[in-house]
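Peer 1: Take a look at the letters that make up each chain.
Number of protein chains: 4
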Amino acid sequence: MFFASDNTSGVPAPVMDALVRANDGFAAGYGNDTVTLSLRDRIRNLFDAPEAEVFLVTTGSAANALAIASHCPPWGAVFCHELAHINVDECGAPEFYTNGAKLVPLGGAQAKVAPETLADALARAGKGGVHQVQPGLLSLTNLTECGTRYSVTALNALCGLACDHRVPVHLDGARFANALVAEGCSPAEYSWQAGVDTLSLGGTKNGLMGVEAVVIFDPARAWEFQLRRKRGGHLLSKNRFLAAQMIAWLQDDLWLKLARHANAMAARLEDGLRQHPDARIVFERGGNMLFVQLPRAIHTRLQAAGAQYFLWPDHATLDGPQDVPVTGRLVTSWSTTESDVDAFLRALDVA
Amino acid sequence: MFFASDNTSGVPAPVMDALVRANDGFAAGYGNDTVTLSLRDRIRNLFDAPEAEVFLVTTGSAANALAIASHCPPWGAVFCHELAHINVDECGAPEFYTNGAKLVPLGGAQAKVAPETLADALARAGKGGVHQVQPGLLSLTNLTECGTRYSVTALNALCGLACDHRVPVHLDGARFANALVAEGCSPAEYSWQAGVDTLSLGGTKNGLMGVEAVVIFDPARAWEFQLRRKRGGHLLSKNRFLAAQMIAWLQDDLWLKLARHANAMAARLEDGLRQHPDARIVFERGGNMLFVQLPRAIHTRLQAAGAQYFLWPDHATLDGPQDVPVTGRLVTSWSTTESDVDAFLRALDVA
Amino acid sequence: MFFASDNTSGVPAPVMDALVRANDGFAAGYGNDTVTLSLRDRIRNLFDAPEAEVFLVTTGSAANALAIASHCPPWGAVFCHELAHINVDECGAPEFYTNGAKLVPLGGAQAKVAPETLADALARAGKGGVHQVQPGLLSLTNLTECGTRYSVTALNALCGLACDHRVPVHLDGARFANALVAEGCSPAEYSWQAGVDTLSLGGTKNGLMGVEAVVIFDPARAWEFQLRRKRGGHLLSKNRFLAAQMIAWLQDDLWLKLARHANAMAARLEDGLRQHPDARIVFERGGNMLFVQLPRAIHTRLQAAGAQYFLWPDHATLDGPQDVPVTGRLVTSWSTTESDVDAFLRALDVA
Amino acid sequence: MFFASDNTSGVPAPVMDALVRANDGFAAGYGNDTVTLSLRDRIRNLFDAPEAEVFLVTTGSAANALAIASHCPPWGAVFCHELAHINVDECGAPEFYTNGAKLVPLGGAQAKVAPETLADALARAGKGGVHQVQPGLLSLTNLTECGTRYSVTALNALCGLACDHRVPVHLDGARFANALVAEGCSPAEYSWQAGVDTLSLGGTKNGLMGVEAVVIFDPARAWEFQLRRKRGGHLLSKNRFLAAQMIAWLQDDLWLKLARHANAMAARLEDGLRQHPDARIVFERGGNMLFVQLPRAIHTRLQAAGAQYFLWPDHATLDGPQDVPVTGRLVTSWSTTESDVDAFLRALDVA
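Residue numbers (my numbering), protein chains in the order written: chain A, 84 to 434; chain B, 84 to 434; chain C, 84 to 434; chain D, 84 to 434.
Honestly, I wouldn't trust all of these hints.
Unchecked claim - What follows is a list of derived Cβ distance ranges for each label pair:
| no. | chain 1 | residue 1 | chain 2 | residue 2 | range |
| --- | --- | --- | --- | --- | --- |
| 1 | A | Asp336 | C | Ala387 | 42 to 48 Å |
| 2 | A | Arg249 | C | Thr117 | 24 to 30 Å |
| 3 | D | His248 | B | Arg127 | 37 to 43 Å |
| 4 | D | His248 | A | Gly108 | 52 to 58 Å |
| 5 | B | Asp425 | A | Gln193 | 32 to 38 Å |
| 6 | B | Pro378 | A | Asp247 | 28 to 34 Å |
| 7 | D | Ala192 | C | Asp432 | 17 to 23 Å |
It is worth saying that the hints were derived from the structure and are not from the lab.
All values derive from a computational prediction rather than experimental measurement.
Built from N, CA and C at the ideal position, the CB exists for glycine as well.
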């Protein structure tokens with residue numbers, strides 16, 4: 084009953100097999116190998132973006148921070164939702180990589196930036212001239228931190244506002260696959276066609292060992308990205324082992340299948356939880372994350388039964404009156420099984 | 084009718100005289116001169132802080148950013164009011180000098196950080212462990228950006244909370260003198276005795292050409308500050324010309340007299356404005372700043388009559404329906420005259 | 084005939100097997116798993132350093148830059164050999180991570196910092212007071228960039244000088260294992276007992292996929308390192324896959340066996356090359372790297388025969404008079420075979 | 084007998100008078116005043132550069148670091164002489180402002196970068212691709228740190244090399260006036276016409292209180308500079324007091340007269356010293372600095388007689404055998420008098 088995060092899972096067999104196959108003899112270092120080149124071409128095809136550049140790193144924080152720094156100056160305002168991972172969970176990585184850009188946290192229901200909030204922020208930004216940080220970048224997260232999902236329409240609207248102010252858009256796609264299969268659109272529609280300039284395409288949470296691709300749709304930014312990646316210590320000499328994983332993951336739509344499975348497990352969990360009289364689903368489920376309010380006593384019981392998940396937000400606690408509801412954050416993954424879900428629901432007496 | 088800012092004023096005669104006197108022959112460079120040493124000793128006496136170190140810079144942004152960086156690591160959270168100058172008007176100087184610390188904007192009525200808001204923020208900060216920025220520093224501003232004033236009691240309460248979490252406190256005292264004379268306490272009571280670790284003691288807005296002292300109450304931080312100052316390009320070779328100004332300013336309580344005058348002019352302005360049926364004073368006046376809501380038509384008339392001041396906030400505008408009230412920000416200074424004030428009030432038909 | 088770098092090799096079977104085994108079910112993220120904990124304990128034992136902290140990253144540049152930044156302030160001078168990887172081949176990663184520390188390149192024969200050179204540099208450093216960067220850190224590389232090796236005695240002497248000036252010591256051990264087995268001492272003797280404060284313990288060049296351990300002998304520095312690692316985007320969520328590789332590598336002294344093999348292959352290459360009348364070994368071979376001067380014509384012939392290696396330094400070229408000697412840099416690895424070596428020597432007509 | 088530095092002097096009467104005049108009433112803040120605008124126009128005329136932008140700061144380190152950062156990316160190599168002020172005496176300010184660019188110290192006789200040395204460095208730079216810092220900027224100093232002077236021809240040659248590699252050129256002109264009057268060319272010939280992209284035009288060492296102008300010949304870089312200046316805390320609110328000083332200094336060629344006087348005093352010193360049998364002039368005098376080798380015993384005697392100057396380099400000392408020659412660095416200024424010089428020479432028994 085591991086629902087703490089999709090990054091507590093391992094990797095599926097085809098990915099491991101690809102690693103074994105990649106471990107054959109010598110290969111040029113630092114991404115100059117044929118496997119890496121081949122991955123780039125696949126992603127270009129997949130996104131219908133023949134000029135996009137693709138670079139691999141091993142963490143989502145690195146992907147985000149490097150992508151942001153390559154599109155935003157040190158005196159830029161980075162507009163993002165106040166709950167965004169880059170704002171809350173990366174220990175200041177974006178500030179570090181940009182050399183001190185300012186994250187401007189925006190409110191918004193369901194962890195989604197509302198167009199009017201963004202419009203206001205853009206309209207005000209930098210109006211004080213040199214005294215203020217300048218409009219720099221819009222960073223959206225999809226799935227959001229609360230597991231909700233931007234529709235293609237919503238994404239277009241937000242990117243359009245940014246574009247009107249000549250502000251580039253970064254998409255933190257740590258769970259891009261989960262959003263994509265739920266939305267049912269194409270990768271292109273869900274990224275550059277909507278106005279996204281650079282995408283952190285997450286692999287780790289969906290079945291890789293620590294592989295994230297940064298897709299840069301404007302190739303003019305690519306060389307700077309490469310220098311920043313090296314300088315950040317994120318250029319792996321044996322890059323083929325990252326690329327091989329991601330190729331296997333893309334092969335035969337495996338990444339989409341894994342994401343669909345994770346989403347289905349979350350749906351099963353949601354269905355069960357909705358049977359429980361004391362459970363309240365907090366956010367609209369957009370993919371493989373579920374936020375559910377339950378009395379502390381029930382969380383205590385679930386955890387005693389072996390369920391692993393975090394309370395939300397970070398400072399929530401099971402200490403205190405046991406009838407008070409607190410929120411649990413349940414994340415399913417490609418490797419979550421129906422029996423995991425059902426065991427959880429049984430512990431809740433709803434299965 | 085110059086009410087745009089106290090920094091549009093010049094310097095009083097004793098300061099200019101001191102400059103002339105300081106311009107006599109040769110002096111050791113980089114603050115190793117006797118004038119600089121003498122200033123340090125005066126400030127130590129004034130603050131009853133015999134071990135404090137005192138360093139001069141030429142802007143408030145430099146004073147704030149260097150003081151903050153010397154007390155807060157790159158991964159620190161800098162708690163401040165959302166309207167704080169460091170958050171809004173320094174183009175990211177604190178982020179730059181700290182190498183990417185994160186400013187955590189706190190709400191609070193009257194531009195003052197409320198104790199409960201701070202307590203909450205401190206309680207939550209860094210609870211996510213290594214994923215999050217750590218409690219770093221509390222930066223307060225007194226007078227605040229909205230011209231309100233923390234009482235000694237309020238200052239003690241906020242600093243006490245910070246101290247409980249081992250978080251040092253910076254005080255942005257760009258208008259420290261204005262606050263001090265209004266509060267009627269001693270410099271020590273209004274700084275280190277309340278729990279302030281480092282103070283940006285503003286001279287520029289109160290009669291100097293561009294002189295701000297950073298007072299560091301914990302001498303263990305002083306060497307780092309000096310290196311940061313040099314590295315930031317803020318160590319003047321002819322430092323005596325800064326020190327001489329500030330000595331003249333402290334002499335015979337000139338700085339307090341200047342501040343009292345500025346405050347008195349603001350009070351006169353307030354008294355007059357309160358006579359006007361359409362005027363609404365927006366924030367409690369703590370010193371020499373006044374925020375007043377007036378219909379656009381009246382602002383238009385005042386400005387046509389030659390009154391110079393800014394609307395607030397930055398994005399406010401006189402374009403639009405003329406009966407709608409918008410806020411003007413009026414700042415008086417040591418060189419504001421009664422006739423300036425009265426001319427303004429006459430233009431309003433209240434004098 | 085792949086002699087371009089030891090990082091063009093793959094990983095040995097036990098490492099791959101360990102990855103497969105680690106891929107079993109769920110594990111806590113971000114290094115809070117039992118595999119990571121177990122690795123830390125092994126390294127503590129191996130280095131006879133029960134309080135050392137051990138953190139994993141995926142590149143040598145990250146290991147170096149993070150280790151350096153955790154031991155040297157922004158205004159520090161980082162003393163290193165002018166040919167050091169950190170100075171020449173990391174695109175400014177140390178400057179980036181330290182927020183602008185200054186690398187002070189020192190000369191020295193055989194790519195080794197000579198004690199007198201270091202003593203001079205330390206004696207002069209920071210003598211100009213606040214105007215100059217301050218003595219910050221000594222970074223040594225062993226094996227050096229030219230494949231030479233510091234003896235235990237030499238290492239002690241250099242670290243001793245640093246210690247006399249209260250300057251901590253970083254050891255870039257990208258090829259630590261190769262040096263260690265050649266020197267025939269213990270890991271402790273070759274690190275902290277000699278005066279090393281922090282070690283980049285390289286795994287990648289000696290059989291791992293991209294795993295480097297930073298060993299911090301002073302645990303007081305560990306928390307800062309962890310924050311810097313996170314902030315740099317170098318904390319992997321599925322950290323177990325890094326730790327598992329390194330555990331397999333340490334198991335039954337595999338790492339030492341791999342290193343001994345690589346060194347033996349370089350020795351075989353050296354023996355052969357010494358037979359050739361036009362070959363001149365440029366640097367004393369300390370482990371698995373060989374720098375050999377040959378006329379351009381011979382390099383051309385070797386490369387035509389399929390030998391892969393770099394000329395040295397970077398700007399050397401095969402264009403120009405073919406009788407002029409230029410230097411080739413040959414690196415062997417755990418996976419270099421005798422037949423690779425012999426094929427190379429045959430192409431040279433010396434085998 | 085103050086020969087420690089030209090920055091130990093004060094300011095001439097016309098500069099002080101201008102300050103007094105500028106202190107009249109209110110003026111717009113932050114450089115939006117008419118005095119600042121007027122200065123910009125004068126410098127444009129003076130340099131025959133109608134599109135140049137001009138910004139004021141209060142230290143040479145700030146001028147240099149901001150100018151460099153506005154023309155060189157974080158991953159840039161900054162080529163400069165190994166003795167350059169930016170490399171030796173600014174505590175890492177360029178590294179800080181650029182976010183970690185790497186200063187590449189070049190040798191060269193007489194503290195001047197030799198064309199062949201620069202050509203080599205440019206030819207090698209960045210040849211290792213993404214692993215290395217990229218050619219970023221050439222920074223020259225004129226007068227050099229050793230008081231020598233680049234001829235217009237030499238300056239053209241060096242800038243030409245940089246231009247061939249698309250590397251912009253910064254000129255540290257802390258003593259630009261001293262060089263200019265000695266060379267006898269126009270400001271334009273000695274800057275942009277020779278290929279300089281940005282100039283730190285020093286006022287402080289030649290009679291101002293702490294005023295340096297950064298002249299940016301490519302206006303496309305100006306907005307970035309302004310943001311960096313603000314962010315660095317170097318935008319003074321009462322900027323008129325800086326501008327007024329520099330206007331007075333330019334008026335009626337005062338700056339040139341002051342520089343000529345300083346140079347003449349250095350010439351008088353040199354003439355006298357050349358009479359002394361044990362004196363050896365170390366570097367060709369280019370303006371107002373003199374480096375002279377004398378036995379320690381003579382330095383001791385001079386200093387006992389009240390002569391103030393530094394030994395060179397920083398770590399030189401009067402401790403040790405008194406017959407050993409060490410170098411003294413003598414700097415004259417606009418306020419050095421003939422009687423100062425003659426007193427010095429008398430103490431040497433050569434006048």
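Peer 1: All the hints need checking, so say for each whether the structure fits it.
Peer 2: Right, here's what the structure says about each hint:
{"no.": "1", "hint": "A:Asp336 x C:Ala387: 42 to 48 Å", "result": "holds, 44 Å"}
{"no.": "2", "hint": "A:Arg249 x C:Thr117: 24 to 30 Å", "result": "violated, 50 Å"}
{"no.": "3", "hint": "D:His248 x B:Arg127: 37 to 43 Å", "result": "violated, 54 Å"}
{"no.": "4", "hint": "D:His248 x A:Gly108: 52 to 58 Å", "result": "violated, 39 Å"}
{"no.": "5", "hint": "B:Asp425 x A:Gln193: 32 to 38 Å", "result": "violated, 55 Å"}
{"no.": "6", "hint": "B:Pro378 x A:Asp247: 28 to 34 Å", "result": "holds, 31 Å"}
{"no.": "7", "hint": "D:Ala192 x C:Asp432: 17 to 23 Å", "result": "violated, 47 Å"}
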